[in-house]
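> The chain contents come next:
4 protein chains.
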Amino acid sequence: MSSNFGKSIHISIFGQSHSEAIGVVIDGLPAGEYIDLEQAQAFMKRRAPGQHKYATPRKEADLVEVVSGLMDGKTCGAPLCAMIQNTNARSKDYTHLIKTPRPGHADYTAIIKYHGFQDYRGGGHFSGRLTAPLCFAGAVCMQILARRNIHIGAHILSIKQIQDQAFDAVHVTADQLHTVTAKEFPVINDAVAVQMQDVIEDARLSQDSVGGIVEAAAVGLPVGLGEPMFDGLESELAAILFAIPAVKGVSFGEGFGAASLFGSENNDPFYYDETGAVKTTTNHHGGSLGGISSGMPLTVKVAFKPTPSISREQQTIGLESKQNETVRVMGRHDPCIVPRAVPCVEAAMAIALLDLYYMQNKG
Amino acid sequence: MSSNFGKSIHISIFGQSHSEAIGVVIDGLPAGEYIDLEQAQAFMKRRAPGQHKYATPRKEADLVEVVSGLMDGKTCGAPLCAMIQNTNARSKDYTHLIKTPRPGHADYTAIIKYHGFQDYRGGGHFSGRLTAPLCFAGAVCMQILARRNIHIGAHILSIKQIQDQAFDAVHVTADQLHTVTAKEFPVINDAVAVQMQDVIEDARLSQDSVGGIVEAAAVGLPVGLGEPMFDGLESELAAILFAIPAVKGVSFGEGFGAASLFGSENNDPFYYDETGAVKTTTNHHGGSLGGISSGMPLTVKVAFKPTPSISREQQTIGLESKQNETVRVMGRHDPCIVPRAVPCVEAAMAIALLDLYYMQNKG
Amino acid sequence: MSSNFGKSIHISIFGQSHSEAIGVVIDGLPAGEYIDLEQAQAFMKRRAPGQHKYATPRKEADLVEVVSGLMDGKTCGAPLCAMIQNTNARSKDYTHLIKTPRPGHADYTAIIKYHGFQDYRGGGHFSGRLTAPLCFAGAVCMQILARRNIHIGAHILSIKQIQDQAFDAVHVTADQLHTVTAKEFPVINDAVAVQMQDVIEDARLSQDSVGGIVEAAAVGLPVGLGEPMFDGLESELAAILFAIPAVKGVSFGEGFGAASLFGSENNDPFYYDETGAVKTTTNHHGGSLGGISSGMPLTVKVAFKPTPSISREQQTIGLESKQNETVRVMGRHDPCIVPRAVPCVEAAMAIALLDLYYMQNKG
Amino acid sequence: MSSNFGKSIHISIFGQSHSEAIGVVIDGLPAGEYIDLEQAQAFMKRRAPGQHKYATPRKEADLVEVVSGLMDGKTCGAPLCAMIQNTNARSKDYTHLIKTPRPGHADYTAIIKYHGFQDYRGGGHFSGRLTAPLCFAGAVCMQILARRNIHIGAHILSIKQIQDQAFDAVHVTADQLHTVTAKEFPVINDAVAVQMQDVIEDARLSQDSVGGIVEAAAVGLPVGLGEPMFDGLESELAAILFAIPAVKGVSFGEGFGAASLFGSENNDPFYYDETGAVKTTTNHHGGSLGGISSGMPLTVKVAFKPTPSISREQQTIGLESKQNETVRVMGRHDPCIVPRAVPCVEAAMAIALLDLYYMQNKG
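Chains as they are written, first to last, in this note's numbering: chain E, 7 to 369; chain P, 7 to 369; chain H, 7 to 369; chain B, 7 to 369.
Hints were generated in silico from the structure; no laboratory data involved. Incorrect hints may have been included.
DSBU-like cross-link-like pairs, simulated, lysine-lysine; straight-line CA separation at most 30 Å [as the list claims (entries may be wrong)]:
id, chain 1, residue 1, chain 2, residue 2
1, P, Lys80, P, Lys51
2, B, Lys13, B, Lys51
3, B, Lys13, P, Lys13
4, B, Lys80, P, Lys328
5, H, Lys13, P, Lys13
6, B, Lys285, H, Lys105
7, E, Lys80, H, Lys328
8, B, Lys328, P, Lys80
9, B, Lys80, B, Lys51
10, P, Lys80, H, Lys13
11, E, Lys51, E, Lys189
12, B, Lys13, E, Lys80
13, E, Lys51, E, Lys13
14, B, Lys80, B, Lys189
15, B, Lys328, H, Lys285
16, B, Lys189, B, Lys51
17, E, Lys13, H, Lys13
18, B, Lys80, B, Lys13
19, B, Lys105, B, Lys328
20, E, Lys80, H, Lys105
21, H, Lys80, H, Lys51
22, H, Lys285, B, Lys105
23, H, Lys13, B, Lys13
24, H, Lys80, E, Lys105
25, E, Lys80, E, Lys51
26, H, Lys80, E, Lys328
27, P, Lys80, B, Lys105
28, E, Lys105, P, Lys285
29, E, Lys13, B, Lys13
30, H, Lys328, B, Lys285
31, E, Lys80, E, Lys189
32, H, Lys51, H, Lys13
33, P, Lys51, P, Lys13
34, E, Lys285, P, Lys105
Beta-carbon label-pair distances, calculated as ranges [as the list claims (entries may be wrong)]:
id, chain 1, residue 1, chain 2, residue 2, range
35, H, Arg154, P, Gly38, 21 to 27 Å
36, E, Glu271, P, Asp204, 17 to 23 Å
37, H, Asp196, B, Ser212, 41 to 47 Å
Here a beta-carbon is modelled for each residue, glycine too, at the ideal position from N, C-alpha and C.
Take these sequences, add in the hints, and give me the full structure.
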């Protein structure tokens, strides 16, 4: 495992789905930053299960307890450690997971990598549950970034074939980001919300699941964040975004679409706006040129595969029988992880951007 | 700058487009590995400019000189340093780049980040020329991986709207990879080569440029490579792939397409093949489950934007005049970078995979 | 702060003297290692205060709770997190520490570094209490090393001018290491124990404190550990040893004494012993040649300054008054930290050696 | 090998004693810093051999060529690479080194670590020659530090039993540092220079060698450098100092001497000086409290063992014969490495201090 991230700040995530607790240590935060724990808890609630019919009915309070790193509510220079007790772990039998690994899950790869010693209960360290401490760390970073006028927001761009409208990559504002993230079902065009929810509900009823795309943006970034060649803005963001379970694609600005444009279409002309600020008339570059922030909104698309947990019978291998067998994934699962993934994308971005912020602002 | 990469091996790239030399230091290689420098040079030739009508007519010999790290042709445990002299740098005036930054380039962001001290000649450290040492490092890693039966290959999946066929993600072999990479214009379906070249030539004639997508695969990976959460297979590969100039999207397996599949379609059933090996009947996961290699072929798509260097007049800012101005990018430029990017993608993958190989194989 | 250590394993320590809890996350441990928590707790007891008259009478149970990373008592590949609740923190007023910083402590430097936001209660993150999670991490690493036949032990080499005899650097065995570390007061020559304790008690009675030297050894190291130039055996060990509070000097083998020897005295001749093993007749090099383990016992000396907490009146600055003032450090303090530092040295060595063990054993 | 160092700046050293070239890549330097290459070359001359009777008569021009990272003489943000051609390598036979490893050298440990593939010619990557690029990197860092009013200097504190006087740890100034480092034989008390040189010459005549201690100081450090727990001032400095060949001990301030002081003696009282600056009346802490710079001079002692290369017959093993054999180290060797080690200590300190400087000055 390598569950630590960052060069100027440092995140270390721990826990398994059924361990006593999960949590995160955040080292290298600037001292003197007030952390609003209620606000962080509210942020985490967006990720928590059990809130909507289109999500798993499991309840996880996900109450975060900060056990170090704060004094009088402010960061004190010492590493901040936040814990979440695992209270809702059903003591059922999970041994089938190591006998008949679930397609699309890390069961099989983890068995081989860890020589059979991995914690298989509920997905262990690979469980989506580990995005809870990621979200907490992101919430902390987001509050610090906000004081530097950097704001992050994301929405559901698509669920299967249903599309929300995209952010206006040129004009998107912090207010617009906050408006969409405040919604229970974060889409820009509310008309598509019901359609998306119907697609999810249909999948659930047919013992299936669906995927989708999250679009995120960050505004207020100063020009100059990103350390090319290898710690450029896109490299750092992609590295942490691919750490979110089920992510299979990450793109910036025009992304894969840029591959079918002419240069004359894709290049974004610079101009001075009325205040003398440097801007681009379009924003196909998505806020990053040469791996460095340009001052235009940073736009990212993140593709999520459909939840691999489906209760249909699936073909798999019998690791004991050495025969081909079948498996059914029972239990309470999200037929679509995308709505709950939205804050995870924001959190991952916040961590990476704060890390880059402090790499740049040295000297 | 942060031009170093890797945790178990360590790559440090140096040089600017017009510095005396460019090169790379590779530390942490296993001792006793024979490095075939002719083979490495042949690999680099695939990236070199000046070879085809669809590429820039500039000639760069890119002769690599290994100045340390080898004894009797084999790695000796000491860092391997390879140098390439910059011989073809025209001593022309590049100061316009800091007066009128080119749209789509890093000129503007670098000016701000480095307070005007960046080397602006020919793109400086941001030049595509810096992929030459990346390719050399990749060639070295590829030879070491090949001895461990791991093979990497890539091809042009698309140029603008023209599509090559994709790798057979389930059955692709090392031989097939070597066959396509041996081609002067690396496509699987040779029939599309001429169409792609026509699209590129048309762009050139109209003072424009085009982008495209590179698809890469790695076969022979043992099960277990990748250190989730944050150094998983996809995180590490994406981080280095986004370090290649002009990359705007990276996806694995079904990638963004997975977002519109049902779970029952996207999940890849496991089975024992006739030899008792564990395989999946399909390979939408692209060889990575939970950030860990599954033993199935690793498949990656990398989106390249059209070359930002176009000789048409473009709108930009006058950093001295403080007025909006126009700029023309003169000189010899690739109307499409994608053909030369193919070996860069392979090289980046080789570096990341060798790094992960040695992270896993400890103890 | 940068409270994380290691390249192939990763240690992240958190907590302050008066935060709710302190603890450690250990990432990158091999899977399948049984961790004997009782043995780890017994190891930690050697560091715990309140046990002897020559140590602070404070009681700290230091009960460790492992909240993640184990399944059925064995490492599972996921990060291991261990927590210790802070139960004995007196709610007294510590604000004098930020008004009149104590000589010899980090009060003043922390105030400046963290702009006054540091947790000053009981020394905060700088408290010797933070060596408790270090010791736990070391106990875990030591158990894993022991299974690879590597054993570590340390003793009090001196308290002020009272000297214990040194390890026999050539012949010291694992049994001898275990014998001395099993003692309540770990000296080789028990005759000096009383003298040392008298010196400590005298210091206490005169409101003063004394320092001393810890000598440690590791036996059973395979030849080849250490990654020169910068992660050599001595570099890595020194880096973690200087992280223990109050350490002011670290040396290997003959150490500073080597500076006054002739080369003909200091060089250790190689020979084949009766079993054909390669040894040296003397061991001035202390088990490290060129930053790489030689197979001979690794010997280290670590100098500890006298505890800066003394109840005598001392001169200091008044940060509010902006006048020179005086301060008395009240409370229960060790007149000599050295006896409790012995397991800390062993723990730090175990962490560094396991990290180097896995750096070497790749490929 | 792990020949790279640093977290906020990054040093990567390459080369072997007889490879075509040796050199260093320095990444992460601030842009816009003028680097005086003549001054750097003059600094390196202090390390170069062949200058004095008490040093090896070998001549090494050690001409440094900067091949990247500068534009118009200033750092440009891109990694700075400096090369030194190896011109004086005698093509003699070194194969005896792998048959009869020299006592006190890394021959044997390298053979085992690198499975016999190490470059054994002239010590390979373990050669003291590799301190040339270290010195160049240090010279660069020193110039940048000097502009921030931080100055570093070192002198020979002892050669065998002959002692120079120590720096005045409280009052030492930048001028005093520059005065001693400008001397051909850097001692404070010139009267001891001849005695030291006699001791060295006597050793040479008797085919032997001697060691000694280097004392270094840094003045002008702001309060706050150092990132405890694990990247504290002492940890970071010790790690890089132990990377210098032949170093066997490192201590700060009173060092090992602190172990025999009372706390009341060793604690340094704070006071406001006439300008209102915070100082300590004594400086036993050597400028570091809690791993953080206190603003007082940083003082370090570094113990060097006697050169292991002596031409007397020594006992060793025959790796081919599998019998005990003898070896004589022929050739031109320093009977004492200490005078040439003085600038190496300064260089290592400069690299570490600049790294810590940029770790601290973020945000």
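> Could you run down the list of hints and mark each one as holding or not?
Against the structure, the hints:
This hinted pair checks out: P:Lys80 and P:Lys51 have alpha carbons roughly 22 Å apart, not beyond 30 Å. For the proposed pair B:Lys13 and B:Lys51, the alpha carbon gap of about 28 Å is at most 30 Å, so the pair holds. For the given pair, B:Lys13 sits about 13 Å from P:Lys13 by alpha-carbon distance, which is consistent with the 30 Å threshold. In summary, the hint linking B:Lys80 to P:Lys328 is supported, as the alpha carbons are separated by about 26 Å, within the 30 Å threshold.
For the hint pairing H:Lys13 with P:Lys13, the CA-to-CA distance comes to about 8 Å; that is within 30 Å, so the pair holds. A threshold of 30 Å between alpha carbons decides the hint, and for B:Lys285 with H:Lys105 the separation of about 16 Å falls inside it, so the pair holds. For the hint pairing E:Lys80 with H:Lys328, the CA-to-CA distance comes to about 26 Å; that is within 30 Å, so the pair holds. Between the alpha carbons of B:Lys328 and P:Lys80 the distance comes to roughly 26 Å, so the proposed pair stays at or under 30 Å and holds.
The suggested pairing of B:Lys80 with B:Lys51 holds, with an alpha-carbon distance near 22 Å, which does not exceed 30 Å. Distance hint between P:Lys80 and H:Lys13 is fulfilled; the C-alpha atoms sit about 26 Å from each other, no more than 30 Å. Only pairs whose Cα atoms come within 30 Å are accepted, and E:Lys51 paired with E:Lys189 is accepted, the gap being roughly 12 Å. Between B:Lys13 and E:Lys80, the direct Cα distance comes to roughly 26 Å. Compliance with the 30 Å bound is thereby established for this hinted pair.
With a CA separation close to 28 Å, the supplied pair E:Lys51 and E:Lys13 stays within the 30 Å bound. Restraint check for B:Lys80 and B:Lys189: satisfied, since their Cα atoms lie roughly 29 Å apart, inside the 30 Å limit. Restraint check: the Cα-Cα separation between B:Lys328 and H:Lys285 comes to about 13 Å, which is no more than 30 Å; the hinted pair holds. Annotation: proposed proximity of B:Lys189 to B:Lys51 holds, straight-line Cα distance about 12 Å (limit 30 Å).
Simply put, E:Lys13 and H:Lys13 have alpha-carbon atoms about 13 Å apart, close enough for the 30 Å limit, and the pair holds. Annotation: proposed proximity of B:Lys80 to B:Lys13 holds, straight-line Cα distance about 22 Å (limit 30 Å). For the suggested pair B:Lys105 and B:Lys328, the alpha carbons sit about 10 Å apart, so the restraint of at most 30 Å is met. Our distance criterion of 30 Å between C-alpha atoms is met by E:Lys80 and H:Lys105, whose separation comes to about 20 Å.
The suggested pairing of H:Lys80 with H:Lys51 holds, with an alpha-carbon distance near 22 Å, which does not exceed 30 Å. At most 30 Å may separate the alpha-carbon atoms for a hinted pair to count; H:Lys285 and B:Lys105 meet this at roughly 16 Å. Taking the CA atoms of H:Lys13 and B:Lys13, the gap is near 13 Å; set against the 30 Å cutoff, the hint holds. The suggested pairing of H:Lys80 with E:Lys105 holds, with an alpha-carbon distance near 20 Å, which does not exceed 30 Å.
For the given pair, E:Lys80 sits about 22 Å from E:Lys51 by alpha-carbon distance, which is consistent with the 30 Å threshold. Between the alpha carbons of H:Lys80 and E:Lys328 the distance comes to roughly 26 Å, so the proposed pair stays at or under 30 Å and holds. With a CA separation close to 20 Å, the supplied pair P:Lys80 and B:Lys105 stays within the 30 Å bound. Among the hinted pairs, E:Lys105 with P:Lys285 is consistent with the structure: their alpha-carbon atoms are about 16 Å apart, no more than 30 Å.
In summary, the hint linking E:Lys13 to B:Lys13 is supported, as the alpha carbons are separated by about 8 Å, within the 30 Å threshold. As the CA atoms of H:Lys328 and B:Lys285 are separated by approximately 13 Å, the hinted pair is consistent with the 30 Å bound. For the suggested pair E:Lys80 and E:Lys189, the alpha carbons sit about 29 Å apart, so the restraint of at most 30 Å is met. The hinted pair formed by H:Lys51 and H:Lys13 meets the criterion: a straight-line CA distance of about 28 Å does not exceed 30 Å.
A distance of roughly 28 Å separates the Cα atoms of P:Lys51 and P:Lys13; the hinted pair therefore holds under the 30 Å criterion. Of the pairs offered as hints, the one joining E:Lys285 and P:Lys105 holds, with about 16 Å between alpha carbons and a cut-off of 30 Å not exceeded. Take H:Arg154 and P:Gly38: their Cβ atoms lie about 24 Å apart, and the range 21 to 27 Å holds. A beta carbon spacing of about 19 Å between E:Glu271 and P:Asp204 agrees with the range 17 to 23 Å that was offered as a hint.
Separated by about 43 Å at the C-beta atoms, H:Asp196 and B:Ser212 satisfy the suggested range of 41 to 47 Å.
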